[in-house]
Amino acid sequence: ETGVTQSPTHLIKTRGQQVTLRCSSQSGHNTVSWYQQALGQGPQFIFQYYREEENGRGNFPPRFSGLQFPNYSSELNVNALELDDSALYLCASSHMTFGNTGELFFGEGSRLTVL
Amino acid sequence: AQKVTQAQTEISVVEKEDVTLDCVYETRDTTYYLFWYKQPPSGELVFLIRRNSFDEQNEISGRYSWNFQKSTSSFNFTITASQVVDSAVYFCALSDWLGGGSRLTFGEGTQLTVNP
Numbered sequence: 001e002t003g004v005t006q007s008p009t010h011l012i013k014t015r016g017q018q019v020t021l022r023c024s025s026q027s028g029h030n031t032v033s034w035y036q037q038a039l040g041q042g043p044q045f046i047f048q049y050y051r052e053e054e055n056g057r058g059n060f061p062p063r064f065s066g067l068q069f070p071n072y073s074s075e076l077n078v079n080a081l082e083l084d085d086s087a088l089y090l091c092a093s094s095h096m097t098f099g100n101t102g103e104l105f106f107g108e109g110s111r112l113t114v115l
Numbered sequence: 116a117q118k119v120t121q122a123q124t125e126i127s128v129v130e131k132e133d134v135t136l137d138c139v140y141e142t143r144d145t146t147y148y149l150f151w152y153k154q155p156p157s158g159e160l161v162f163l164i165r166r167n168s169f170d171e172q173n174e175i176s177g178r179y180s181w182n183f184q185k186s187t188s189s190f191n192f193t194i195t196a197s198q199v200v201d202s203a204v205y206f207c208a209l210s211d212w213l214g215g216g217s218r219l220t221f222g223e224g225t226q227l228t229v230n231p
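Sequence lines, in order, name chains A and B. Heads up: the first sequence begins at 1 in this note's numbering, then just goes up one per residue. Heads up: the second sequence begins at 116 in this note's numbering, then just goes up one per residue.
Warning: the hint list may mix true and false statements.
Output of the computed footprint for chain A on chain B, the stretches with three or more beta carbons under 8 Å from beta carbons of chain A [stated by the list, open to error]:
id, stretch
1, 135-144
2, 191-201
To give an idea of the chain A side of the interface with chain B (calculated C-beta under 7 Å), a few residues [unchecked claim]:
id, residue
3, 31
4, 47
5, 50
6, 55
7, 59
With beta-carbon atoms standing in for the labels, derived distance ranges [claimed, not checked]:
id, chain 1, residue 1, chain 2, residue 2, range
8, A, 84, B, 228, 38 to 46 Å
9, A, 9, B, 127, 42 to 50 Å
10, B, 130, A, 103, 25 to 33 Å
11, B, 163, A, 57, 41 to 49 Å
12, B, 171, A, 38, 16 to 24 Å
Everything labelled a hint here was simulated from the structure, so no lab data went into it. For every residue, glycine included, the Cβ atom is placed at its ideal position computed from N, Cα and C.
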């Protein structure tokens, strides 16, 4: 068990709706990353937050947005849902220091189905 | 751009067989880290190993071993005497530094099935 918890575990939405996914980081971790994993594929980097600021972003449109809170928990928001947004969304936390090796601790994910 | 290729989509073996999962990567960075993760049906990615690009020593951990060859940009993973519990999807990943933390680029994964 990594200590990273995500909610909800499963949810179903319809096209055009909005969704918020939540992540509670492992204690002491100050960096959170979100990944999208479509069925049968490897996880794809969405973005990363460090000290409440977005620190890097993958090839995802602006309708994917996020927040990191002072307690280092995080949210992923997706607006105007599309069918292709159906995927497992993984949150990963890590502790950033200079030379951080990127050891990420992943949660079990939120499985989103868009109908 | 970072790229990780896992050419084997699916592998099926019989229990107690040895199995090697291949991973080839591309990067322009001189310093990087390579990882292997295991993903059981529950979905959580389980960390297996991290390897620094400057350390080409092979590593063994119980039934698991890793062969890192910088000259061929490969980081292969071998399971010796496989067990049914080893059945999962295995991902190889490559990191790069974002300044506030690391980003992982994953391969497409290899589905390993170990049959009794």
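State the violated hints by number, sorted upward, taking the hints as numbered earlier in the document. Violated hints (numbers, rising): 1, 2, 4, 7, 8, 9, 11, 12; every other hint is consistent with the structure.
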